[in-house]
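Asker: Sequence:
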Amino acid sequence: MNQESNPNPQHAAASRETPEESPMSPRKILFGLAVVLLIFVVIAVAGIVRRSHADSVLAQRTDELAPPTVTVAAAQSGSPSETIVLPGNVTAYTDSPIYARTDGYLEHWYYDIGAKVKKGDLLAVIQTPELDNQVAQAQSDLTTAEANANIARIQAERYTNLVKSDAVSQQDTDTFVSQAAATAAAVKSSQANLQRLLELQSFEKVYAPFDGVVTARAVDTGQLISSGSGQGSGTELFHMQALQTLRVYTNMPQLYSQTLKRGMKVGLTFPEYPEKTFEGTLVRTADAIDPVSRTLLVEIDIDNHSGQLMPGALAQVHFKTPPIGSTFIVPTTALIFRRAGLQVGLVIHGDMAHLVPVVIGEDDGASVQIVSGLQTGDQVIQDPPDSLIEGQKVTVVKPGRAASNEGGL
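The sequence shown finishes on residue 409 if you use the working numbering, and the numbering steps up by one all the way, no holes.
One or more of the hints may lead you astray.
As the list claims (entries may be wrong) - Calculated cross-link-like contacts (lysine-lysine; reagent style BS3-like; alpha-carbon spacing at most 30 Å): (1) LYS261 to LYS276; (2) LYS320 to LYS276; (3) LYS205 to LYS118; (4) LYS205 to LYS188; (5) LYS116 to LYS276; (6) LYS320 to LYS261; (7) LYS205 to LYS116; (8) LYS188 to LYS265; (9) LYS276 to LYS265; (10) LYS119 to LYS188.
Stated by the list, open to error - The following label-pair restraints were derived from C-beta to C-beta distances: (11) THR277 to GLY365: 20 to 26 Å; (12) PRO68 to VAL35: 36 to 42 Å; (13) SER202 to ASP287: 28 to 34 Å; (14) SER372 to VAL85: 21 to 27 Å.
Rather than coming from a laboratory, the hints here were simulated on the basis of the structure. Note that the Cβ used here is the ideal one computed from N, Cα and C, for glycine as well.
Assemble the whole structure, with the sequences as input and the hints as a guide.
Answerer: So this is what it looks like as structure tokens:
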């Protein structure tokens, strides 16, 4: 009985010295595997990134060392367009404000804006009561002067006859002769004053100075009118323009100034007549280049008896100009803008870049005219890279192949 209740002492001691180990849970096993897998993924990604960066650096370095690929085309002689089109300002052949030459009140006007008038047509009448009174006074003064002159003349003649018989003194005779001369001069003065006032009185009626159109009327009946000459001191009554012939002014660039000849025919187009071309004649130039715009002022006359055109309009002036020297056409993309100036890249010896300075002329946006710097047969680089330098090796390809290469990139 004691044997069953008391276990083996040796076995109990062994159990206390070596405790029984518990088994690992599945969650801990999965966590460990995930950590190991993550480490492998990080190592793999780092290797791929490092290899990709190395490949990119290698490709970039290879591109830098490789000659740039360019397309070339032979320089073509000519001009970007057959004609030069310039904006023109249309003006009346004669443009004149009409001012009053006398003071008064506007009694009546006879023509309004848009009216066609002939030279000498009565435009308006001005009332001048003060001037009318001055004329009446001047006429009275003239009558008085003539009467005084007549009396003085008779007295002088009488004394001249009496002095011959010593009936009067020579001194008295000389006095009356002088008075006769003075009164005669007073008559002339009065006549001149009356004539002046009559001339002013004639300005009561305002006449058209030339054939034309009334383009403005600035006064109305009863308005106070002040005489003047257009310097701000007078009242402008009307504004007239002669429209039978119109003047068109434009500015020709200095480059083409020597191609202009007086009498040459010029085409003109207007926005209101998009399908019609009017013909004008170059009549004169300023014969001096404007130092600011470097252009030559040109006047073109155009017949307008039909009345289709109006002054103040904008015209497009078409000049046909002959070629100026040896000019060539290149695309605008061929131009190289450097500190040394405007240049164009050429290919010489088949694979070497050569930069030449050029002077440009007309530019239509897509192409530009080269007036100096190129020669016939030059192989012009159509779209040079920004890094192109003198003497650099280049690879010349056909335009179609270059486009396909760019599309592949």
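Asker: Next, verify each hint and record whether it holds.
Answerer: Results for each hint:
no., hint, in the structure
1, LYS261 to LYS276, "holds, 24 Å"
2, LYS320 to LYS276, "holds, 17 Å"
3, LYS205 to LYS118, "holds, 15 Å"
4, LYS205 to LYS188, "holds, 27 Å"
5, LYS116 to LYS276, "holds, 26 Å"
6, LYS320 to LYS261, "holds, 11 Å"
7, LYS205 to LYS116, "holds, 18 Å"
8, LYS188 to LYS265, "violated, 59 Å"
9, LYS276 to LYS265, "holds, 16 Å"
10, LYS119 to LYS188, "violated, 34 Å"
11, THR277 to GLY365: 20 to 26 Å, "holds, 23 Å"
12, PRO68 to VAL35: 36 to 42 Å, "violated, 51 Å"
13, SER202 to ASP287: 28 to 34 Å, "violated, 42 Å"
14, SER372 to VAL85: 21 to 27 Å, "holds, 24 Å"
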